[in-house]
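Participant: If you want the building blocks of each chain, they are given just below.
Protein chains: 2
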Amino acid sequence: MRALKSIREFIEEGGKLFHPGISLDCVIFGFHDNQLKVLLLKMEHTDDWALPGGFVYKEEDLEAAATRVLQERTGINNIFLQQFHVFGNPSRSDREYQSNWLRKWNIPAGKGSWLLNRFVTVGFYALVEFSHVTPTPDNISVASEWHHLHNIDNLFMDHRKILDTALETLRWQLNHQPIGYNLLPDKFTMPELLTLYETILGKKLDRRNFRRRMNSYGILRKLKEKRKGCAHKAPYLYSFDLRKYQKALQEGLQGRW
Amino acid sequence: MRALKSIREFIEEGGKLFHPGISLDCVIFGFHDNQLKVLLLKMEHTDDWALPGGFVYKEEDLEAAATRVLQERTGINNIFLQQFHVFGNPSRSDREYQSNWLRKWNIPAGKGSWLLNRFVTVGFYALVEFSHVTPTPDNISVASEWHHLHNIDNLFMDHRKILDTALETLRWQLNHQPIGYNLLPDKFTMPELLTLYETILGKKLDRRNFRRRMNSYGILRKLKEKRKGCAHKAPYLYSFDLRKYQKALQEGLQGRW
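Protein sequences appear in the order of chains A and H.
For what it's worth, this note's numbering labels the leading residue of the first sequence as -11, then goes sequentially.
For what it's worth, this note's numbering labels the leading residue of the second sequence as -11, then goes sequentially.
Note that these hints are calculated values from the structure, not bench results.
Watch out, some of these pointers could steer you wrong.
Unchecked claim - Here's a subset of chain A near chain H, in silico, CB distances under 10 Å, partners left out: (1) K46; (2) E47; (3) L50; (4) N77; (5) S79; (6) R83.
Said to hold, decoys possible - To list a few chain H residues with every Cβ distance to chain A over 10 Å, as calculated: (7) I95; (8) F118; (9) K232.
None of these values were measured; they are calculated from a predicted model.
Glycine included, every Cβ here is placed at the ideal spot set by N, Cα and C.
Build the full structure now, drawing on both the sequences and the hints.
Facilitator: So this is what it looks like as structure tokens:
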């Protein structure tokens, strides 16, 4: 597998290197400042933002391709990564839009036409610890930034639908996947955990019931430390008991949210 | 979209008609004689059995392609159908095996080479009411038959892995999808529902706890009729209260199995 160094090389040679019909798009979630955020790339030559994504080399494993893309865009290995849905509507790409975009790169006519083929895209979602990520644009982007979930527009192609489907998936996997563990730092407060759940579920939860229920799972360890630098009463810090968390998730955490 | 009539036409012309990198495979579950069964096709010119599957026409929607394949293989429309995983390992197909198989059809050299390309396959699972299905082979198969889940071998390519992944998916979606409703006939007995759950979960459940819990969900209607023709004490028949079932599934049925 060879790395593609320049954008011209990517556009002109990609058709020989990549699988002709499969792409992937990654919804990378991080939690920071008590907000659930998504990593987006500002594309060059358009006003649109895109989910980090890419193509699959002809002999590359699909999951390996997703891991590669995530590593390149975040600097992290060992990311919690799940494929969640395939987007296979033939009208998901807009050839006219893409032809116009290609023209802006001054690529010789005929080159890059592979990009106008129909790509079925596999959606992956990733959960990362915000502070570990170094957002890095790819070769067709000018910036890579975290966006607050409720403050996103101008998304490229069907990326809004991919993002919404990822969020729906998180919602119903809350009781089955270590979502809190992967998004929160090692030590966190109960209000932070509550906010994360509220953001994913898209609704307010009762603070006291939430605390009672979380404690009843036996997956949290209350630490002796408190959060420093708080204006009000300092909240205790917690961490996950990973062994118990994973055991509980195998059978699914009990109850509805 | 044109229909492909003969196997020769399929092999010789398919490369022009189908998307060059995507296929689909369907795990069709049915429940009969108190057993969970899977519909398999006996392939011509080999000893292998295959999951019903197919290719996607160049401008065909992926979900529409799955619906088409299921309709052709079962005679049913309106099937409960879910994509569950993408199988994207480049070594999933075995070129030598497939070249040998192609040779047995006496296709002119060079024709049909599109079948040796790398196909990433999307797994769908379907839940059907057994009695409504007319198993129908496709043009590369000699038979289409239901197989008891515990009595399956000689599966083509990675179809064993696809089947196992579908079953795992059923297992953890039991509380989120109308699995019982789609697999059982309109009227069923509590022992039949219990057996279905036991087969999917791969373990014995306590009969009385199961009955108590199922009743507690409020999704079953106990009918006045009993099952006729039973040697022992005739069991009552039940049906699902679809409205309540769907409402309960939206938030997920409570509890572990």
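Participant: Could you run down the list of hints and mark each one as holding or not?
Facilitator: Outcome of the hint check:
| no. | hint | in the structure |
| --- | --- | --- |
| 1 | K46 | holds, 7 Å |
| 2 | E47 | holds, 5 Å |
| 3 | L50 | holds, 3 Å |
| 4 | N77 | holds, 5 Å |
| 5 | S79 | holds, 8 Å |
| 6 | R83 | violated, 12 Å |
| 7 | I95 | holds, 22 Å |
| 8 | F118 | holds, 28 Å |
| 9 | K232 | holds, 15 Å |
The earlier numbered hint that this structure contradicts is number 6, and it is the only one.
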